Amino acid sequence: MTDLPDTDFTQRFIFDESDARGELVALERSYAEVLAKHPYPEPVAQLLGELMAAASLLVGTLKFDGLLILQARSEGPVPLLMIECSSEREIRGLARYDAAQIAPDATLADLMPNGVLALTVDPTQGQRYQGIVDLDGATLAECFTNYFVMSQQTGTRFWLYADGRNARGLLLQQLPADRLRDPEEREANWQHLTALASTLTADELLSLDNETVLHRLYHEEAVRLFDVQPLRFRCSCSRERSGNALVSLGLEDAQKLVVEHGGSIEIDCQFCNERYLFDAADIAQLFAGAGVESPSDTRH
Numbered sequence: 001m002t003d004l005p006d007t008d009f010t011q012r013f014i015f016d017e018s019d020a021r022g023e024l025v026a027l028e029r030s031y032a033e034v035l036a037k038h039p040y041p042e043p044v045a046q047l048l049g050e051l052m053a054a055a056s057l058l059v060g061t062l063k064f065d066g067l068l069i070l071q072a073r074s075e076g077p078v079p080l081l082m083i084e085c086s087s088e089r090e091i092r093g094l095a096r097y098d099a100a101q102i103a104p105d106a107t108l109a110d111l112m113p114n115g116v117l118a119l120t121v122d123p124t125q126g127q128r129y130q131g132i133v134d135l136d137g138a139t140l141a142e143c144f145t146n147y148f149v150m151s152q153q154t155g156t157r158f159w160l161y162a163d164g165r166n167a168r169g170l171l172l173q174q175l176p177a178d179r180l181r182d183p184e185e186r187e188a189n190w191q192h193l194t195a196l197a198s199t200l201t202a203d204e205l206l207s208l209d210n211e212t213v214l215h216r217l218y219h220e221e222a223v224r225l226f227d228v229q230p231l232r233f234r235c236s237c238s239r240e241r242s243g244n245a246l247v248s249l250g251l252e253d254a255q256k257l258v259v260e261h262g263g264s265i266e267i268d269c270q271f272c273n274e275r276y277l278f279d280a281a282d283i284a285q286l287f288a289g290a291g292v293e294s295p296s297d298t299r300h
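If you count the sequence shown from 1, position 165 lands on 165 in the working numbering, and the numbers rise without skipping.
Please note: incorrect hints may appear among the correct ones.
Across the chosen pairs, the derived CB separations fall in these ranges [what the hints assert, rightly or not]: (1) E88 <-> I132: 55 to 63 Å; (2) N273 <-> E88: 20 to 28 Å; (3) R275 <-> E211: 39 to 47 Å; (4) N273 <-> A202: 27 to 35 Å.
Quick caveat, the hints were computed from the structure, so don't treat them as lab data. If you're wondering where the values come from, they're calculated on a predicted model, not measured in any experiment. From the three backbone atoms N, C-alpha and C, an ideal C-beta is built for every residue, glycine too.
Let the hints inform the model, and build the full structure from the sequences given.
So this is what it looks like as structure tokens:
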């Protein structure tokens, strides 16, 4: 394999003699960046890593400019998991949780009972799309597989693992019938490929490089592995966006907020903990159309 440009990347592969493709993802640095923002309990950190891996795999299957948003919501100890991944392959994420209710060996069902998973594609141009499915699988990987079973005819399977240090994922997806046109032969081949993938353990996927993984699974298949595509953590928050949010309130309400908060408004980014402060002079400048740059400090 060629030298990897980073610790975070996806890599696509295709079966030359079957109508199927796949993709692998490895996340380390961006996963660490997300976990560094909050003291997540281990089961929550694992779920976040799995959701990051899923978003990274999905963004490669979508041909769009914009933002992919994955949100899992529930009535349990983890009411929210959220990952955003842009078409520029910049990713961020967060979770809300009640640490007192989370056991070290908590499962998805324990953490997110009665949960739902929403997948939103928000393009820079065009119509926003959202699909929703119940979190009724034993794992997030099963939930994503169920989502694709419900939403489209194309066979799609996910395998997602994370251990607090690395997040890894494998996606298999059927392609339109070309090499295998007989329906029974096509289905048998798909079952064969997915059955082999299901033999892969979490330890293997988390510790082995992509070429070794594919050789272990498909050494009897003709598999072509493509170049890696890097990803990175980046938060899209900014002082300018925070200022625009205040402008949307209107001058009078923004001025009231400054008074109510003792002379300055503090806007915190839940994704990266960045903190933006706006005082009365900043508000006046904003509504005068002079922008957000001012002597007021932005604290980190």
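Okay, the hints, checked on the actual structure:
no. : hint                      : verdict
1   : E88 <-> I132: 55 to 63 Å  : 26 Å, violated
2   : N273 <-> E88: 20 to 28 Å  : 22 Å, holds
3   : R275 <-> E211: 39 to 47 Å : 44 Å, holds
4   : N273 <-> A202: 27 to 35 Å : 30 Å, holds
Going down the numbered hints, you'll see the structure goes against just number 1.
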